[in-house]
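Construct the entire structure; sequences and hints are all you get.
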Amino acid sequence: MAQRERWWRPGRAEQAIGTLLRTGVLAAGLVVVAAGGLYLARHGSDRPELRAFHGEPQDLRSLGGIVGDAAALRARALIQLGLLLLIATPVARVALSVVVFALEGDRVYVAVTLAVLGLLLYSLLASG
Amino acid sequence: MTILVLTLLLLAVSLAAGFLGALTGLGGGVVIVPALTLGFGVDIRYAIGASLVSVIATSSGAASAYVREGYTNLRLGMLLEIATTLGAIGGAFLAAFIPTRAIAVVFGVVLLYSAWASSRPRPKEGRPSEPDPLAQRLRLDGSFPTPEGVRAYHVKRLPLGFSLMGTAGVLSGLLGIGSGAVKVLALDQAMGLPFKVSTTTSNFMIGVTAAASAGVYLRRGYIDPGLAMPVMLGVLAGSFLGARVLAGAATTWLRRVFALVVVALALEMMVNALAGRL
Chain A
0 MAQRERWWRP GRAEQAIGTL LRTGVLAAGL VVVAAGGLYL ARHGSDRPEL RAFHGEPQDL
60 RSLGGIVGDA AALRARALIQ LGLLLLIATP VARVALSVVV FALEGDRVYV AVTLAVLGLL
120 LYSLLASG
Chain B
0 MTILVLTLLL LAVSLAAGFL GALTGLGGGV VIVPALTLGF GVDIRYAIGA SLVSVIATSS
60 GAASAYVREG YTNLRLGMLL EIATTLGAIG GAFLAAFIPT RAIAVVFGVV LLYSAWASSR
120 PRPKEGRPSE PDPLAQRLRL DGSFPTPEGV RAYHVKRLPL GFSLMGTAGV LSGLLGIGSG
180 AVKVLALDQA MGLPFKVSTT TSNFMIGVTA AASAGVYLRR GYIDPGLAMP VMLGVLAGSF
240 LGARVLAGAA TTWLRRVFAL VVVALALEMM VNALAGRL
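Protein chains in written order, with numbering that gives the first Met the number 0: chain A, 0 to 127; chain B, 0 to 277.
Keep in mind the hints are simulated off the structure, nothing from the lab.
Some residues of chain A that are not near chain B, with every Cβ distance over 12 angstroms (derived):
id, residue
1, 67
2, 70
3, 71
Just the calculated beta-carbon pair ranges, DEER-fashion:
id, chain 1, residue 1, chain 2, residue 2, range
4, B, 115, A, 18, 29 to 39 angstroms
5, A, 48, B, 266, 21 to 31 angstroms
6, B, 162, A, 124, 23 to 33 angstroms
7, A, 57, B, 93, 20 to 30 angstroms
8, B, 266, A, 103, 44 to 54 angstroms
9, B, 145, A, 48, 45 to 55 angstroms
10, A, 43, B, 275, 30 to 40 angstroms
11, A, 71, B, 132, 56 to 66 angstroms
12, A, 43, B, 147, 48 to 58 angstroms
13, A, 53, B, 3, 19 to 29 angstroms
14, A, 46, B, 93, 28 to 38 angstroms
We put the CB at the ideal spot given by N, CA and C, even for glycine.
Structural data, given as C-alpha cells:
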C-alpha cells in the first residue's frame with residue numbers, strides 16, 4: 000500500500016481525468032471538423048430538410064452502422080463517428096474513475112462508478 | 000437556401016449561444032433549442048439531439064480545467080451521477096411519447112426558472128454546517144482552495160439532493176439541456192456546498208448525464224449529423240471564448256441582459272407551442 004501511494008499522489012486522479020476529457024473533446028472536434036468539411040464540399044449546394052421530422056436512417060443510429068458507413072468515407076457517417084467519440088468521452092471518464100477508485104482501494108465507489116458505467120453502456124448499446 | 004449557407008448561419012448562432020452561455024453560467028444548450036426551433040424552424044427532436052451533443056462538448060471541455068484546479072467533488076459527483084443518468088435515460092424515453100408541443104411548454108418553464116435562478120445574487124459563502132452521518136460514512140465531505148488557504152466543508156441532506164438530481168436528469172433527457180440550474184439548486188441550496196464547488200461539480204456531472212440521454216437519442220435517430228456538426232462546433236468555440244472573457248469581465252449586467260433574452264425566448268416558445276406552431 001505504501002509503495003502504491005508513492006506514485007499515486009493525491010491530485011493525480013484529477014490530472015488524469017482532466018487530460019482524458021480534454022483529449023476526447025479535441026479528438027471528437029477534429030473528426031467533426033474534417034468530416035464537416037467533406038460534407039460541405041459534397042453537399043454544400045444541396046437544399047436542407049430539417050423542418051419535417053423523418054428520423055435518421057438506420058445506418059446512422061447504431062455503432063455498427065456508423066462505423067461501417069464511415070469506413071466507406073460517407074461524410075454524414077464520419078460526422079456521426081465524431082459525435083460518437085464525443086459521447087464516448089464521458090463514458091471513458093467514468094471507466095477511468097472505476098480504475099482510480101480501485102487503485103485507492105475504495106470498494107464502495109468502485110461499485111458506484113460501475114453502476115454509472117453500466118447505465119451509460121445500457122443507454123448506448125441496448126436495442127429499442 | 001443551400002446547406003452551406005444554413006451551416007454558416009447555424010455556426011454563427013451557436014457561437015453566440017455558447018459565448019453567452021459561458022459568460023452567464025447558463026450554458027449554451029438553454030438557448031440553442033429555442034434558437035433552432037423558433038429561428039430556423041427545426042423540428043424540436045432534432046434540435047434537442049444537437050443540443051445534447053453540444054452540452055457534452057462544453058461540459059467536458061470546461062470540466063477538464065476545473066477538475067485540475069481541485070474544486071470538483073469527484074465522489075459526490077459520481078454518486079449523484081447514478082441519479083442523473085437514471086433520470087436522463089427515463090427522460091429520453093419519455094421524449095418519444097410526449098407530444099412535441101408539451102415538450103416545448105416544459106422547456107419554457109425550465110427556461111424561466113433558469114433565468115430567475117441565474118439572476119439571483121449568489122449566496123454568501125461560509126455558512127457553517129454540522130457533519131451529516133450518511134455523508135460522512137460515504138466520505139463525501141471535501142475541501143477546496145480559497146485565497147485564504149484550503150477550506151473544508153460538509154455535505155448535508157444527501158437523499159434530498161439525490162432526488163433533485165434525478166429530476167435534473169429527467170429534464171436533461173427530455174429537453175436536451177445540461178440542467179445546470181437544477182443541479183446547482185441541489186448541490187448549493189439542498190446539500191449546502193460552497194458555490195464554486197457546486198458549479199464545478201454540476202458541470203462535471205453534466206457530460207455524463209447528457210451522454211446517457213444522447214445514447215438514447217442517437218439510437219432513435221434524433222441526432223442529425225448535418226445539424227449537430229455546426230451546432231456542436233459553434234457552441235464549443237463560443238463557450239471557450241466566453242470562458243476566456245469571463246476571467247476579467249464584470250458580468251452582472253450581462254447576466255441580467257441574457258436573463259431577459261432567455262425569458263423572451265421562453266415566452267415565445269410557450270406561446271408558439273400552445274398555438275400549435277411548433
